[in-house]
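*Asks:* Sequence:
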Amino acid sequence: MRSRSVPEAYRLSLILCKREIPAGERALEIGTGPDGDRYDIKQESDGSIRVIPWPFEDKQFTVNVEACYLNQVKFESNQELTEALQQAPIKLLEWTLVK
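Per our numbering: the sequence shown ends with 99, consecutive numbering throughout.
Derived from the structure by calculation, the hints contain no laboratory data. The structure displayed is predicted, hence computed values, not measured ones. Treat each hint with caution, since some may be false.
Distance windows between CB atoms, simulated [claimed, not checked]:
| # | residue 1 | residue 2 | range |
| --- | --- | --- | --- |
| 1 | TRP54 | ALA88 | 17 to 23 Å |
| 2 | CYS17 | GLN86 | 18 to 24 Å |
| 3 | THR32 | THR62 | 25 to 31 Å |
Heads up, simulated PhoX-like pairs for lysine-lysine below, C-alpha to C-alpha not over 25 Å straight-line [unchecked claim]:
| # | residue 1 | residue 2 |
| --- | --- | --- |
| 4 | LYS42 | LYS59 |
| 5 | LYS42 | LYS99 |
| 6 | LYS91 | LYS74 |
| 7 | LYS74 | LYS18 |
| 8 | LYS18 | LYS42 |
| 9 | LYS42 | LYS91 |
| 10 | LYS74 | LYS42 |
Yeah, the Cβ is synthetic: ideal placement off N, Cα and C, and Gly gets one too.
Based on the provided sequences and hints, a complete structural model is requested.
*Replies:* So this is what it looks like as structure tokens:
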């Protein structure tokens, strides 16, 4: 990830957005970077997120994404899905990553 590896960054974003970080301060493998190192993610008891080894220049930063929440999982048409997305409540999901 030090060399801005796209697959590992993509996997990290999916882990965050899908809320797949394990409970109990357990680590989850993100992947192996182009440097051959294994990268893991874990959530600390204070809620902060760590990536081990730390691949970023900043010692701490916050990332966020807007999420739409739908009450149904199946739609009859693309138009129906589009309308549901436009009317759905939006929540901001946010994570603080720390070294």
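*Asks:* If a hint holds in the structure, say so; if it does not, say that too.
*Replies:* Checked hints:
1. Against the hinted window of 17 to 23 Å, the Cβ-Cβ separation of TRP54 and ALA88 comes to about 35 Å, which falls outside the hint.
2. For the pair CYS17 and GLN86, the supplied restraint of 18 to 24 Å holds, since their beta-carbon distance comes to about 20 Å.
3. In this structure the hint that THR32 and THR62 lie 25 to 31 Å apart at CB holds, the actual value being about 26 Å.
4. In summary, the hint linking LYS42 to LYS59 is supported, as the alpha carbons are separated by about 16 Å, within the 25 Å threshold.
5. Restraint check: the Cα-Cα separation between LYS42 and LYS99 comes to about 11 Å, which is no more than 25 Å; the hinted pair holds.
6. Simply put, LYS91 and LYS74 have alpha-carbon atoms about 21 Å apart, close enough for the 25 Å limit, and the pair holds.
7. The hinted pair formed by LYS74 and LYS18 meets the criterion: a straight-line CA distance of about 19 Å does not exceed 25 Å.
8. Under the criterion of a C-alpha separation no larger than 25 Å, the hint pairing LYS18 with LYS42 is consistent with the structure, at around 14 Å.
9. Taking the CA atoms of LYS42 and LYS91, the gap is about 23 Å. The hint holds against a cut of 25 Å.
10. Our distance criterion of 25 Å between C-alpha atoms is broken by LYS74 and LYS42, whose separation comes to about 33 Å.
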